[in-house]
Amino acid sequence: KIDIVQIPFNLYNQEFLTTKSILKIKNENCKIQVRSIYLQGLLINSYLNWPSWINKEHIDHHKRLLEYCNNINYSLLDLNLCFLKSFEFIDDLIIGISSLKEIKQFKKSWDRNLKLENFDYKLWNIENKDFNDPRRWPS
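All residue numbers for the sequence shown refer to our numbering, where the first residue is 791 and numbers rise by one.
Quick caveat, the hints were computed from the structure, so don't treat them as lab data.
Some hints could be false.
To be verified - Below, a list of computed lysine-lysine pairs in the DSBU-like style, where the Cα atoms sit at most 35 Å apart:
no., residue 1, residue 2
1, K875, K905
2, K894, K905
3, K875, K810
4, K810, K919
5, K897, K810
6, K821, K898
7, K791, K821
8, K912, K891
9, K875, K816
10, K791, K891
11, K810, K912
12, K875, K898
13, K894, K875
14, K846, K810
15, K853, K791
Everything numeric in this text was worked out from a predicted model, so none of it was measured.
Build out the structure end to end from the sequences listed, making use of the hints.
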C-alpha cells in the first residue's frame, strides 16, 4: 500500500487539480505532500531575476502577479503560502531553503495567517510543462 504521495503544486502549476488526480489519491487514503511550491524560486522572486530563456508571456504573467501582490500589500511569498493553505488536501509542504534567512522569512509569512478573498487562483495557472517542470529547463 502507498501511504504518501508527493506532487508538484504551486500557483503556476495546478495540473493535479485540473486533472482531478487529487481526488483519486485521497480516495486511496494517501497522505499528500506538496513540493515545488516556489517553482525553483521563480514564484517568490521578481521576474527581473528570472533566467533569460523564459518567454515574454510568462514574464508578463508574473508581472501581473507581482502587481496584484503590491495592490493587496502581500509579498510573493505571502500570496503563494495563502494559496497553498487554502487547500485542505495538502497534508505537508516540502520546502527547499538555502539559508537561515529564508527559513525565517518562510516562518514569518506562514505565521501571519493571511487570507485571500475573491482570489481566483485558476487565473494564474500556466499549462506549459516546459515552464512548470524544471527537469525540462535548459541547463
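Violating hint indices (sorted, rising): Those not satisfied are hints 10 and 15.
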